[in-house]
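Engineer: Chain residues, written in single-letter form:
There are 2 protein chains.
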Amino acid sequence: MLLQDMTSTQLEEFLAAEESKYQSYKAKGMKLDMSRGKPSAQQLDLAAGMLDCVNSQSGYRAADGMDCRNYGGLDGIAEAKLLFAEMLNIKPEEVFVGGNSSLNLMYDAICKAWIFGTGEGAKPWGSYEKIRWICIVPGYDRHFAICEAFGIEMLNVPFVNGQPDMDKIEALVAADETIKGIWCVPMYSNPTGTTYSDETVRRFAALKPAAKDFRIFWDNAYCVHHLTDTPDSLLNIMDECKAVGSEDMVYLFASTSKVTFAGAGLAATAASEKNIAYLKKLSAVQTIGFDKLNQLRHVRFLGGYAGLVKQMKKHAAMIAPKFEVVLSALDKEIAPLGIGSWHKPNGGYFISFDAPNGCAKEIVQLCKEAGVVMTPAGASFPYGKDPQDSNIRIAPTFPTIPELEAATEIFCCAVRLAAAKKLLAERK
Amino acid sequence: MLLQDMTSTQLEEFLAAEESKYQSYKAKGMKLDMSRGKPSAQQLDLAAGMLDCVNSQSGYRAADGMDCRNYGGLDGIAEAKLLFAEMLNIKPEEVFVGGNSSLNLMYDAICKAWIFGTGEGAKPWGSYEKIRWICIVPGYDRHFAICEAFGIEMLNVPFVNGQPDMDKIEALVAADETIKGIWCVPMYSNPTGTTYSDETVRRFAALKPAAKDFRIFWDNAYCVHHLTDTPDSLLNIMDECKAVGSEDMVYLFASTSKVTFAGAGLAATAASEKNIAYLKKLSAVQTIGFDKLNQLRHVRFLGGYAGLVKQMKKHAAMIAPKFEVVLSALDKEIAPLGIGSWHKPNGGYFISFDAPNGCAKEIVQLCKEAGVVMTPAGASFPYGKDPQDSNIRIAPTFPTIPELEAATEIFCCAVRLAAAKKLLAERK
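Which chain is which? The protein sequence lines are A and B, in order.
Under numbering that gives the first Met the number 0, the residue at position 278 of the first sequence is numbered 277, and the numbers go up by one with no gaps.
Under numbering that gives the first Met the number 0, the residue at position 97 of the second sequence is numbered 96, and the numbers go up by one with no gaps.
Treat the hints with caution; some may be incorrect.
[Claimed, not checked] Mimicking BS3-like on lysine-lysine, the simulated pairs with C-alpha atoms at most 30 Å apart in a straight line are:
no., chain 1, residue 1, chain 2, residue 2
1, A, K111, B, K280
2, A, K280, B, K273
3, B, K279, A, K360
4, B, K111, A, K280
5, B, K30, A, K280
6, B, K122, A, K211
7, B, K279, A, K129
8, B, K367, A, K279
9, A, K111, B, K279
10, B, K273, A, K111
11, B, K279, A, K279
12, B, K167, A, K279
13, B, K280, A, K384
14, B, K360, A, K111
15, A, K384, B, K122
16, A, K122, B, K367
17, A, K280, B, K129
18, A, K207, A, K312
19, B, K122, B, K167
20, A, K279, B, K111
21, A, K360, A, K167
22, B, K279, A, K30
These aren't lab readings, by the way, just hints derived from the structure by calculation.
Work the whole structure out from these sequences, hints included.
Structural biologist: Shown next, in the form of structure tokens:
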């Protein structure tokens with residue numbers, strides 16, 4: 000029975016029963032965490048062998064003979080560039096392999112545009128009174144935090160029919176030359192799990208921004224992170240850009256954080272050869288080079304792209320059942336009541352749950368008080384402000400399955416509690 | 000016999016003999032490199048065992064239980080912070096362990112001051128029409144390159160009696176609030192090998208800059224890089240600053256690039272707790288954390304500061320004889336002619352050679368044509384401009400001893416050639 004179809008008496012009985020369940024959960028004093036998209040220890044174990052690939056007996060030379068222990072190799076060893084090129088389906092010349100964090104590379108790209116501009120002769124973003132940014136919502140909190148730190152004004156653009164609202168994006172960028180960028184997680188988007196359609200990708204490539212230094216930040220964080228045997232597919236934005244001559248408009252980012260080690264993976268920026276040349280010129284002043292031994296470890300362990308794909312299947316085998324725990328609980332515990340909506344993603348790290356409007360903060364608070372840490376409500380929106388107070392990001396990968404079962408049970412109870420309270424309040 | 004005491008006929012005979020030697024060197028078609036302060040492969044072998052300290056069987060947890068493979072630990076694991084704290088003789092709370100490059104940390108410190116200011120409420124450096132920087136010369140080319148990239152105007156301050164000219168530095172910073180920083184390599188300075196005296200350090204700590212956001216960039220790159228059993232000693236600037244209440248004025252930098260692996264070491268920023276708190280706040284937006292497995296590798300391998308000191312003695316045993324090759328050749332081949340000056344450093348990576356004025360560029364060019372790559376003349380000065388065209392930085396660590404002997408022979412010949420030509424030209 001839908002919650003909204005209950006009489007007020009039924010609703011009050013329902014609420015009382017949920018209150019009692021909630022108190023019993025609370026009494027257990029559990030400590031559970033569904034807040035961050037972290038791999039579990041078991042997933043990290045999948046890459047244990049990588050640590051043996053570079054040891055005191057292994058030799059330290061890249062294919063071109065470079066001693067990976069010493070200085071040099073600003074943009075990465077050739078075989079690491081090739082790995083990312085295959086992952087993103089672009090040319091090795093379009094790859095810059097940086098440190099262990101793609102977030103850091105995105106931050107760095109904004110720093111460089113801020114101080115030096117996006118290319119030779121371009122005006123530094125920092126020299127504008129104000130610049131603005133398009134944020135597809137819900138989205139990734141760490142993206143939005145970068146804009147907030149820089150004082151970049153964020154403009155929300157929602158999904159429409161499961162895709163970014165391209166009409167709105169096209170209109171915004173065409174009209175306002177202070178709009179300098181947009182965050183995109185084009186595949187298995189954080190948190191919605193959305194993969195951009197071919198039409199969406201083509202429309203991104205065909206954008207006609209008023210600002211010549213407008214950049215698409217294409218954070219392809221989950222490009223190989225499929226959960227099923229029928230994965231989504233994503234059109235290659237670089238090809239589409241080249242087809243219309245807009246290849247300087249896009250920066251791609253990827254990492255192996257969720258392929259090997261979350262804290263000790265490789266990250267890369269990919270861009271047009273012109274943009275990469277500029278990035279290399281600026282970076283040559285910043286560092287002599289990133290950790291090439293870790294690059295060597297990766298390419299030896301993964302053995303190229305085919306090995307990487309194989310590795311990801313092992314991750315999927317571990318993660319998919321965790322998604323299933325949450326999804327089947329939601330189907331069973333929430334769907335019949337009609338108090339929330341969500342999608343089953345084909346990949347990525349999250350389930351995006353939309354609670355009845357005005358309930359998300361309370362649900363997260365109820366979870367917290369019962370020992371379950373969720374991502375803060377609102378985190379998937381700029382400035383932490385969800386206008387509907389509805390979206391909650393669920394991250395099922397880190398806990399064990401029994402932990403996840405317990406946490407999901409509490410989460411579902413919190414959703415029912417909050418929804419029933421709200422409905423009752425509305426009727427009064 | 001001093002070159003200047005030769006008659007013109009003697010000088011012409013000398014020149015002809017050197018020309019003939021030079022042509023024979025050139026004919027050999029050698030390829031030698033004394034240009035960069037890189038450790039040799041043998042030095043890197045000293046840390047081979049480090050790579051076995053984290054492997055598939057080793058366990059991955061830091062002392063506090065953190066899984067070093069996963070996300071987190073923004074400012075480094077506690078034991079890595081302790082290692083740098085002991086290295087720099089400061090508190091672990093004053094340490095931020097970053098990636099593999101202290102140069103990158105310095106660049107980052109300037110980026111952050113440029114965009115966000117040096118602390119809460121401080122005006123961003125980038126919002127000034129122009130800012131300026133003091134560069135003690137000769138100094139480190141990569142420091143100067145950062146200033147040049149940012150468009151920071153560099154002001155040269157020379158050494159006087161073997162120490163930075165503190166009178167001039169004090170006067171400059173007191174008079175001009177657009178002077179925001181100074182580069183210092185306080186121990187075994189690049190390239191001169193100078194260690195700052197106690198008085199110099201105290202005068203740095205006691206600086207009274209007009210700019211409240213003036214910062215001393217104390218690049219203690221060679222703090223443990225002694226070459227002899229009677230090393231220099233350096234006063235602790237943090238203690239001196241605290242004694243006069245100026246501890247927010249200094250950023251310290253250090254790395255293990257020349258302790259373990261040049262390309263895969265650890266780097267750290269050290270600063271007052273107030274400055275570290277600000278750095279952590281800004282960095283939390285930039286990255287989730289640096290490579291903690293490499294931190295674990297380091298602390299397991301070095302086993303703390305005592306182990307690090309022991310490791311450095313092994314480096315000294317390899318490097319000291321290389322310095323000796325160059326110094327004894329200079330003593331034998333150049334000193335009697337009076338056509339150059341240099342010091343024997345007690346540590347660091349360089350010998351700073353001052354040729355007769357107007358000869359450095361030609362010497363480096365002659366070396367190049369005979370197959371010996373030197374650091375470009377002028378590199379140790381801002382904008383690559385040595386006003387005397389005299390200083391040449393010699394980096395003896397990377398070549399083997401036979402290579403170094405051959406390269407030094409050619410270098411000495413080039414010095415004699417250039418000096419004799421110049422003297423003859425002056426007499427005409």
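Engineer: All hints are to be evaluated individually against the structure, with a verdict given for each.
Structural biologist: Each hint, compared with the structure:
no.	hint	in the structure
1	K111(A) / K280(B)	holds, 20 Å
2	K280(A) / K273(B)	violated, 34 Å
3	K279(B) / K360(A)	holds, 28 Å
4	K111(B) / K280(A)	holds, 20 Å
5	K30(B) / K280(A)	holds, 27 Å
6	K122(B) / K211(A)	holds, 29 Å
7	K279(B) / K129(A)	holds, 26 Å
8	K367(B) / K279(A)	holds, 26 Å
9	K111(A) / K279(B)	holds, 20 Å
10	K273(B) / K111(A)	holds, 26 Å
11	K279(B) / K279(A)	holds, 27 Å
12	K167(B) / K279(A)	violated, 37 Å
13	K280(B) / K384(A)	holds, 21 Å
14	K360(B) / K111(A)	violated, 34 Å
15	K384(A) / K122(B)	holds, 28 Å
16	K122(A) / K367(B)	violated, 39 Å
17	K280(A) / K129(B)	holds, 23 Å
18	K207(A) / K312(A)	violated, 39 Å
19	K122(B) / K167(B)	holds, 26 Å
20	K279(A) / K111(B)	holds, 20 Å
21	K360(A) / K167(A)	holds, 28 Å
22	K279(B) / K30(A)	holds, 27 Å
Violated hints, listed in ascending order, are 2, 12, 14, 16 and 18; each of the other numbered hints is respected by the structure.
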